[in-house]
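Colleague: One letter stands for each residue in the lines below.
2 protein chains.
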Amino acid sequence: MSSAYVIHADFYQTDREGMALEMPSSYLLVRDGRVVSLTTSRPDVSDATFLDWSGLLVIPGLTDLHVHASQYQFRGLWMDEELLEWLNAHTFPEEAKYKEISYASQAYRIFTDDLLHSATTRAAIFATIHEDSTLLLARYLEEAGIAAYVGKVNMDRNSVPELTEDSEASVMSTLSFIEKMKDFKNVKPIITPRFIPSCSDWLLDELACIAKERGLPVQSHLSENQSEGEWVHSLCPESVSYADAYRRHGLWGGVPTIMAHCVYSMEAEPGLMRNEDIFVAHCPDSNTNLSSGIAPARWFLENGVNMGLGSDVAGGTTLSILRAITDAVKVSKLRWRLVDQRFRPLSFREAFHIASRGGGAFFGGVGGFDEGMEADLVALDDSVRKTAIKDLSLEERLERHAYLAPEEPVTHKMVKGRLLF
Amino acid sequence: MSSAYVIHADFYQTDREGMALEMPSSYLLVRDGRVVSLTTSRPDVSDATFLDWSGLLVIPGLTDLHVHASQYQFRGLWMDEELLEWLNAHTFPEEAKYKEISYASQAYRIFTDDLLHSATTRAAIFATIHEDSTLLLARYLEEAGIAAYVGKVNMDRNSVPELTEDSEASVMSTLSFIEKMKDFKNVKPIITPRFIPSCSDWLLDELACIAKERGLPVQSHLSENQSEGEWVHSLCPESVSYADAYRRHGLWGGVPTIMAHCVYSMEAEPGLMRNEDIFVAHCPDSNTNLSSGIAPARWFLENGVNMGLGSDVAGGTTLSILRAITDAVKVSKLRWRLVDQRFRPLSFREAFHIASRGGGAFFGGVGGFDEGMEADLVALDDSVRKTAIKDLSLEERLERHAYLAPEEPVTHKMVKGRLLF
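Here the protein sequences line up with chains A and B, keeping their order.
Residue 0 is where the first sequence starts when you use numbering that gives the first Met the number 0, and the numbers rise one by one after that.
Residue 0 is where the second sequence starts when you use numbering that gives the first Met the number 0, and the numbers rise one by one after that.
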């Protein structure tokens with residue numbers, strides 16, 4: 000498919016070092032899915048479709064490094080509980096419903112439609128243990144044009160009966176799921192052991208083999224909550240840390256690996272975090288709602304740990320990564336004030352950089368308008384907020400939009416150079 | 000004006016003790032501005048207008064105990080700073096613009112329109128030092144039908160020159176403002192010394208006299224930020240605490256008094272907080288954005304300290320008190336986890352109770368549907384969120400709406416029994 004676009008708009012991004020790059024009233028040339036140039040004068044090309052988005056604020060598409068599609072239906076409910084009770088009382092019973100393809104169909108259509116209209120162009124997604132409904136989710140995302148990793152979840156212990164797999168069946172179903180996804184273009188499978196308490200040693204070993212043999216990425220949870228950490232310690236007394244429990248089962252790098260949360264990783268497993276394959280999915284809203292704590296984002300930055308943002312619906316209440324940006328700023332301020340003044344708060348710009356290039360690195364490098372980058376972008380209409388303030392910079396416009404209207408549907412969206420709307 | 004309404008809707012409130020009262024598909028009879036009854040069967044009255052709001056969720060109108068109307072235009076901007084630098088760099092220059100009545104007119108119309116369509120029916124508002132533009136704000140609010148206290152701000156030291164009053168002129172202008180407001184029905188004046196650093200001892204003494212002689216309420220700021228607290232100590236070395244500085248100038252009760260923030264009051268002035276005239280305006284969003292900290296809301300509850308919620312725009316980014324409710328829950332969880340496990344987090348219901356009856360007590364007792372209460376209410380349409388989840392309680396519907404769509408315009412609003420839309 001050969002296709003070219005010239006987009007006229009106001010462009011904001013950060014560069015590789017995290018500095019702001021503002022290009023008001025400029026022209027982005029996209030060809031065959033990739034960025035060719037971003038210039039202040041209109042490029043002289045005859046075969047490109049011209050898109051006049053004058054006045055709209057265009058930013059690189061954002062990455063959601065951690066989201067549970069199967070929890071989206073109960074977002075914003077039952078927020079007065081902590082992680083482990085919340086899992087048992089609400090999350091597991093809800094996820095069990097996805098055995099029924101009719102429920103999954105209804106729910107995943109809503110999820111896909113809302114994700115499509117958000118600022119997210121890339122996502123790493125947990126479904127449930129159910130192969131058929133997970134495949135359905137993957138198909139909806141593929142049809143919508145979103146670039147995503149989708150994981151059939153593996154769980155063979157410590158869950159409700161309806162959500163507990165036979166260990167061998169869990170492996171077989173995972174292999175079957177991978178096989179059925181081989182012709183997908185934008186949506187790919189990801190190995191998804193839920194977390195240590197949900198997976199037997201044998202299952203973890205098998206999943207690690209599958210990931211390495213097939214070069215598939217991995218996603219799981221790490222050091223989210225103190226009670227969870229104690230539980231992992233009792234389940235794996237030989238491991239010196241939660242991360243070490245993954246490591247002992249071959250699930251600590253070798254392939255790109257997302258570990259969601261890492262609230263306690265600075266104390267629990269600092270050495271292991273400096274691994275080029277490991278990506279932290281920082282989920283500030285969820286970690287607040289479930290009373291988990293505040294992940295040390297500044298420490299990750301200072302130590303060169305890969306990091307993106309995650310919505311973690313439904314521990315988080317919204318798919319909006321623009322909202323996750325301001326949430327990351329907010330909790331970093333509280334952490335600085337209340338916990339540890341060695342680590343200064345994140346600026347808005349830093350949090351944006353984490354949400355765009357930070358998470359985008361997991362997808363082979365997206366999140367900016369560099370020449371040759373896959374063209375992921377969204378256009379925001381920030382004109383609707385009434386104000387008497389004039390003459391804002393593009394960064395100020397973006398900051399205000401992220402604080403005031405993070406969940407407003409985006410006006411246009413392009414993924415890998417394909418214009419979705 | 001004699002007017003009566005029967006409203007059919009789903010009603011949610013908390014009772015005086017904070018227990019949830021759910022009345023699905025019920026009938027509220029309002030007459031002459033007050034609640035007559037809330038019943039499951041339709042009251043047999045012939046002279047009342049019937050309002051069929053079936054399926055809408057009706058809650059008591061909420062109170063915003065602390066908001067700066069003059070900062071609304073820059074909400075969501077410049078959030079990477081702390082209080083004192085933020086005041087000098089952005090807030091004071093913006094407030095100086097309100098000397099121009101044309102700017103004030105444009106800005107206060109936007110503020111009033113947005114407040115009108117929020118869930119807030121009562122508000123305690125800071126304007127600026129400028130008498131004419133403050134009066135304009137009061138007029139806009141009166142015309143819109145919102146019940147509010149509006150304060151002409153007093154500042155005669157430690158500000159930018161454009162925002163520094165001559166001390167005697169400050170008093171004279173305050174008296175003039177009070178006089179000009181004497182025929183207002185729903186909007187009333189409130190004595191508003193900005194905070195200790197902005198007011199000379201003489202000015203504080205004079206304002207205390209005016210408040211007591213005329214029985215006017217007072218609003219100011221207290222113990223928001225650590226640097227601010229140190230500054231107050233250096234300005235008032237004879238005072239043992241920030242609150243004591245107000246007390247020494249006659250500004251600690253005797254009339255109903257709102258003190259915004261009180262982040263450090265549990266440590267700094269615990270004894271003084273137990274005063275029936277003092278109301279804490281808890282402003283979780285602002286205290287997060289300005290890196291101030293987290294106020295000890297549970298301690299206030301346990302010690303019988305009056306408390307409501309404040310948006311504190313533009314330290315806070317939104318006028319939505321529904322959002323302030325979820326913010327109060329969130330920061331209470333982080334405070335519990337990170338600071339002090341003696342004080343368990345606020346539940347959603349508790350935070351709602353604070354936002355409705357808690358703040359409403361400052362206005363003589365609103366925030367519920369008790370017989371004889373002034374009829375303040377808003378109707379929320381929570382049907383627009385797509386979800387596959389069924390059979391929610393009214394409290395669950397409200398929780399979800401507060402988390403997912405707190406800034407959505409309300410569908411209907413009534414203040415003191417007057418239907419605004």
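Bear in mind the hints are in silico, worked out from the structure with no lab data behind them.
Any given hint could be a false lead.
One copy or two, it doesn't matter: identical chains are merged, so the pair holds either way.
[Said to hold, decoys possible] Straight line, CA to CA, 16 Å or less: simulated EDC-like cross-link-like pairs of lysine to aspartate or glutamate: (1) Lys385 to Asp112; (2) Lys385 to Asp113; (3) Lys98 to Asp131; (4) Lys184 to Glu99; (5) Lys385 to Glu407; (6) Lys98 to Asp204; (7) Lys96 to Asp131; (8) Lys187 to Glu99; (9) Lys179 to Asp204; (10) Lys184 to Asp204.
Colleague: Please go over all the hints and tell whether each is borne out by the structure.
Modeller: Comparing the hints with the structure gives:
1. Lys385 to Asp112: between (28 Å within a copy, 10 Å between copies)
2. Lys385 to Asp113: between (25 Å within a copy, 9 Å between copies)
3. Lys98 to Asp131: For Lys98 and Asp131, the Cα distance is within 16 Å only inside one copy (8 Å; across copies 66 Å).
4. Lys184 to Glu99: Result: close neither inside a copy nor across copies, 26 Å intra and 59 Å inter.
5. Lys385 to Glu407: both (15 Å within a copy, 15 Å between copies)
6. Lys98 to Asp204: neither (26 Å within a copy, 71 Å between copies)
7. Lys96 to Asp131: For Lys96 and Asp131, only the intra-copy Cα distance (13 Å) is at most 16 Å; the inter-copy one is 61 Å.
8. Lys187 to Glu99: Result: close neither inside a copy nor across copies, 23 Å intra and 59 Å inter.
9. Lys179 to Asp204: neither (23 Å within a copy, 79 Å between copies)
10. Lys184 to Asp204: Answer is neither: 28 Å inside a copy and 73 Å across each miss the 16 Å cutoff.
Violated hints, listed in ascending order, are 4, 6, 8, 9 and 10; each of the other numbered hints is respected by the structure.
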